[in-house]
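Chains as they are written, first to last, in the working numbering: chain A, 1 to 338; chain B, 339 to 836; chain C, 837 to 1236; chain D, 1237 to 1566.
The set of hints was computed from the structure by calculation and includes no laboratory data.
Cβ pair distances, simulated, as ranges: (1) B:Glu-425 with C:Pro-898: 55 to 65 Å; (2) D:Gly-1410 with A:Glu-70: 47 to 57 Å; (3) B:Arg-705 with C:Glu-1090: 17 to 27 Å; (4) D:Arg-1241 with B:Ser-754: 19 to 29 Å; (5) D:Arg-1529 with A:Gln-16: 47 to 57 Å; (6) B:Glu-425 with A:Asp-238: 17 to 27 Å; (7) A:Val-28 with B:Asp-534: 56 to 66 Å; (8) A:Met-147 with B:Asn-718: 22 to 32 Å.
So these bits of chain D aren't anywhere near chain A, every CB distance computed over 12 Å: (9) Asp-1282; (10) Arg-1286; (11) Asp-1296; (12) Pro-1298; (13) Phe-1308; (14) Thr-1360; (15) Leu-1413; (16) Asp-1424; (17) Gly-1428.
Just so you know, these numbers come straight off a predicted model, no measurement behind them.
In this text, a Cβ means the ideal position worked out from N, Cα and C, and glycines have one as well.
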Amino acid sequence: MVSKRVVQNLRKEFRQSGLAKLGLVLVVSIILVAVFAPFIAPHNPTTQELGQAQLPPLGFSETKEATTSEMVDGEVVTKTVEKRVEANAAHPLGTDGLGRDMLSRTVYGARTSLMVGVLGTVFAALVGVPIGLIAGYYGGKFDDGLMRFADVSLAFPSLVLAIALIGLWGRAAVVLPDPFVSAGLVSGMPSTFTLPGTVVIVVGLVNWVWFARIARGEALSLRDEEYVKAARALGASDSTILGSHMLPNAITPIIVLATVQVAAIILLESSLSFLGFSGTTLSWGFDIAQGRNYISSGQWWIATIPGLAIMWSVIGINLIGDWLRDALDPGIEGEGGV
Amino acid sequence: MTELDLGDPLLQVQDLEKYYYEQDSFLDSLLGNEARSVKAVDGISFDVHEGETLGLVGESGCGKSTTGETLLRLREATNGTVTFDGEDVLALDNEEMEQFRRRAQIVFQDPFSSLDPRMSVGAIVTEGLKIHGLPATNPDVETAVDVTVEAASVDASQVTATAADDLDRVVDPENGVARVRVTLHETADGLKATLDDHGELLGVDVEEAGDGSVTVSVEVSASDRKIRRTRAGRLLERVGLSSDQLDRYPHEYSGGQRQRVGIARALALDPEFIVLDEPVSALDVSVQAQVLNLLDDLQDEFGLTYLFIAHDLSVVRHICDRVAVMYLGKVAEIGPTDEIFEAPEHPYTKALLESVPRAEVSEQGRRVETLSGDVPSPRNPPSGCRFRTRCPQVIPPDGVELEQQAFRRVMDLRDSVEGRDINPDNVRGGTAAFRKSFFEMELPREDVEVVEEALGYVVTEDWDAAAETLRERYESICETTEPVTGEERHTAACHLVD
Amino acid sequence: MTEEILRVRNLTTRFFTEEGQINAVEHVDFDVRDGEVFGIVGESGSGKSVTALSIIDLVESPGRIVEGEVWYRNADLADEHRESHPDAVDGEFVDIRQLPEATRRWLRGPAFATIFQDPMSSLNPSITVGEQIAEAVEVQRRARANPRRTRSRTQGYGLSRFLLDSVLPSQHYVSEESHDHAVELLEQVGIPDPAERATEYPHQFSGGMLQRAMVAQALAGEPDVLIADEPTTALDVTIQAQILNLLSDLQQEEDMSVVLITHNLGVIARMCNRVGVMYAGEIVERGSLVDVFENPVHPYTQGLLGSIPDIEDPSPRLSPIEGNVPSLLDSQMGDRCYFADRCPKAMEVCLTPVAERDVQDESASTDGHRVRCVLADQPYNEADALAESYDWSTEVSADD
Amino acid sequence: MALGRFAIKRTLQGIGVVWGVITVVFALRFVTPGSAINAVAPLDADQETRQAIAAELGLDQPLYLQYGQYLFDLIQGDLGFSYIRGQAVTPLVLSKIPATVELALAATFVAIVLSIPLGVLSATRRNQPVDYGATLFSLVGISTPNFWLGIMMILVLAVEFGIFNTSGRGVNAGDVLLSIVGPERFLDTLIGWLTYITLPAIALGTYFTALITRLTRSGMLEELGKPYIRATRAKGLPETLVQYKHALRNTLTPVITVLGLQLGTLIGGAVITEAVFTWPGLGTLIIRSINLRDWPLLQGSLIVIGISFVLVNILVDMIYAYLDPRVVYD
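Looking at chain A on its own, in the form it has when it is part of the complex (with noise of 0.2 Å):
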């Protein structure tokens, strides 16, 4: 299926770009820890230590006014002292407000977007390749009935509808279990695992359109080959030339596309779970919305850490599509997104 010229022109161009390499060892690295998340995360990441709330990450300390009220002689006197909080140990990446460990949060973090982003992607790629490959080699009225289908799905901005869509349906949650955990390979882990469900399903409605562009754009122009014209000479039917003439010719931008889908899906995930609107409160998105109140009260990390999780992981995913997309040139500048 893939011809070994693709693997040649993929390897000559990964040795020569350097951002390729990074882009690898990002991607890699991503998928290792939300693949093995229960062996990485040093804590339970829901279990909350009230008493460790609010650690700043190691290498800072945080000097903070802590009020105290007692009562002195029948009234109630408040004081406030300064109280200097160090960087705990065990909790590298500091804690959140209420004392759960950071760098676990994050580690879990990365399963859920990648889990999204992925299943989003797959799903979308689903849809919307067979019908923009359909549309894209029968032309004619089916064609045109996919455009204007598309043009009015590009007309809802895929934020505003995956609300539209969650507020109506609800944050139907899918609850996996976490095959390590059953298994006893680790323990003190949750066993178990929520994948938003519905976020998946509003992606995959909203972004098979740009999968099915990009089909129907190879389609009209792979139908013309003279190739394809043999095939149906030497008698293959309609669905033959489709299945091994039109797919494997038009896989090279639908896997480019694919790359920038995913990294496009992780940002609308954390968006989503931002604004509250995610079915799994295990996500980056969510975090920085705790971290937010906690701006102003000088605990920056909180917000911060699981935003770098974000870009590490987008940034990685985006070189490996200009890798992708260098190497075996296939077109495509500026489809896709969320």
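Dock chains B, C and D against the given chain A, drawing on the hints supplied.
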């Protein structure tokens, strides 16, 4: 090139038409612009005889490739009939189409777009076989095994040989029988039989019954895929490539080699008729010669019938038995190659032959009388004879004594008036001045009057009156009635002839 | 003997790609005389187009002109650079390779003009044909107005001028006279109703008409040498005839020399006085039309002439040149005659570098018939012919 | 002439899309009939009162009648009635539009002014500092979640230095325009406006600046590789004319088309930027309408967004037709 003993026609094309419709989308009808038809092929008739190579020649836009593809129903014809070996191809249902596909194939022009870059050469050549589930056994082909006995301990009479009846999937039958030779010989551990060829695809085993009788049975042991790949290997060798390159990809081949793969693909289904759509136009001269020789050899070896589409006349002269010259969707002239090249009847054919530069010293500095203007657009082809807007031998109506050069300019003037291509301001500077500059030569008095009158109308921008004045005097038979090719062996669609 | 306008000596252009060094043009020498049509014929991959681009200094990376001299006869230019570049001037000739880049840019227009194979892809599809020709005229007009024979990179056209042009079309970089002159040029190349056609876009022109417009654009600077790279290959044969007539008429009227590059030997025969045959980056044979067509010495030229079907007599069988065009990859090209692996008369001596030499042949018109083949000096003898089974792959050069 | 016919054709297509948007929005409304009643009926209302309310709201009529009524209202500019707020949707939504438009325009302006020159420079001066800088900036730009960027700016600029306002829209563009003629000093109003608009505009604009920089850069590189560029240089044209008048002009057309398509992302971004900076635009209205389950208000906002998307894309296509005439002819 076979002598002109025309076999019976394998393919008969009668009034074939192929129109494309523009601006007929839902929105266009809303906007009130009616669908315009592009008459790419507008009534083509010709026959192709068994074992013959018919050339289809013409410049770009004449509809030759569209004709080739419509014949094989790669495009749906608007109307007309195409009979292949007695059956009307355009009316075949899916079942019959499958049979037709095996008997008629096509080779394309561009070596870089005629092979799927994602498929290996082996997959490309065997695709046809896979689609038709070949190689399938053909019930009315018998299979036979000849055993030659070299083992001392066994005498021939004792040996009975059985052949599986699907041997013909591997062994090509000769006069109805798929025959395999096996030799029986003595080895250390008993009798052994070995196949002379096809060893890697067929299996043979030997049983010695108690009473000394020996049965040798041969059947197909290889998988379908293996059989197909072997067949593809043989085809590649036949077209001049090496059979151990089945797993290489098209981008590892040169242009000439890719065309050979395209030819091997067409041969895989063992067709009788092949449409060659400009097979060598994209190749360099030296490689072109190699492929042309190959096509020649294959035609003799497999008795193939070719429809050879091209725009290079010297290639056509070399390879075709008969030639049909096409212009703007119609056949201008058709006949045996030598007669067409040595005694062309249609003015367009003459102009084509005249324009081709010869690779000889005598060509140096040769000034060619070229056709005026450009090929008109097939959206609204000229009325009557389509070549009249560029024809150097337009027939003036009787009563008009103008030599060809002057009459040609009159017709050009009429076309620009009807197309409103003249800027009235240029004429306002004086109709006589404009006339003199338009006609380099002097016109007889009578014609000067008519032209001046028409130019007068142009000044007042009364285009219809101007066109009418000129049409009244100069309407030629070429624009009123459309010339048609006759039934003779060498015929041209031109009033000069009939 | 008429005076020469252009002398190319030892021109070498190479492409430094990831796969390795590609020798596109290897030590090419040829001369073009005043008012003459010099033909360069060769198949795809022979390096003929790269030669053209090298002359007008438009070789883009990863290509680079490694060495070579391009002597262009221009008395004024020679005088101007006699002191500043003493070794770049020889009589009236100037080696433009040694001139500064700005001067070489000045040459594009007044010295060299180029027309390319596919007119449709040589014009900007979103700007009218008239505007694009007027542009060329404007640039030449402004160049002539400034005495110094150099041309800065911007010539007064910066980002601000671009914004001004697109916002206020009234005060255009291209003046009104240039537009009028453009219409005159369109008329000169035989385009009917030129004023109207000037306002139309390239996609509204037929192939033939658009090529005429390209010729008109080339005439804007009244060039001494018109370089035509496969000018009629994309055209139909009747339209090709029109364009060839146009080129020969203009060549007389403007008395300019033409370098005609094509793979079509018929076009070469009709148009050219002298010819150079290129193979694998080298000119393997050059001379007058009679020399090369009537008594070719190099086996490749003979093979080329033998493999063309002749329209006047359908010979039964073509005699093609076996084998494939070489890859030009330096690592795979041994230091030998590059045609040896396909040559029917290959001998031992062909495995060593072959220099260009004169053809001693009294009968032919001795007009510089030169060939890069040993057969010019010694007849072919069977004795030391290369063995059929000679293994060409072993000769991969040492440093690979 | 041709451009006119092209405009009519595009407008007809646009109307088709608007009709599609309205139909989808209606379908959403149909999916949730119950909630419309819940919004009005007291929680403990029994079946009869709910029926009565449904009848009064016309929800019991056959579907196509409701649809016809819905369309009829829309044509008259009536986007429905918000039961929760007890007021008509149209004036409410229209009042919020200027704030969002101001934010979107500011962000787009920042994006275009910064990214086109950046993209051109990095394409024409490859592998030089400006190229690496632009590539790095655009990569980070499209990978940064805009709400997080907003919060970080608030943290650094507002909390530490306190020169920018971090929420609300005290001074708006309208005030600035008025102040030119009006009594207040123009400069003060302008600075006041900037303290409000700058952070949200940067937060929203960063993604687009990065996107357009990448598009312009790759578009220029592709265009400069095309054969007509070499032919134009062969005419002796100055390099700048080749790059700007020829290459850049042909690069802008696809960039503009993508801008039109990405409008949805822009509005989506505006919604969340408004949430971060409590910017009183359509975005905050939409979020509140969803939280309060106020469907008519949500549907009205979606329709307005849909119509604005169609209008912008028609405008984009007209600019495209002006820049590249082939679109009009084929």
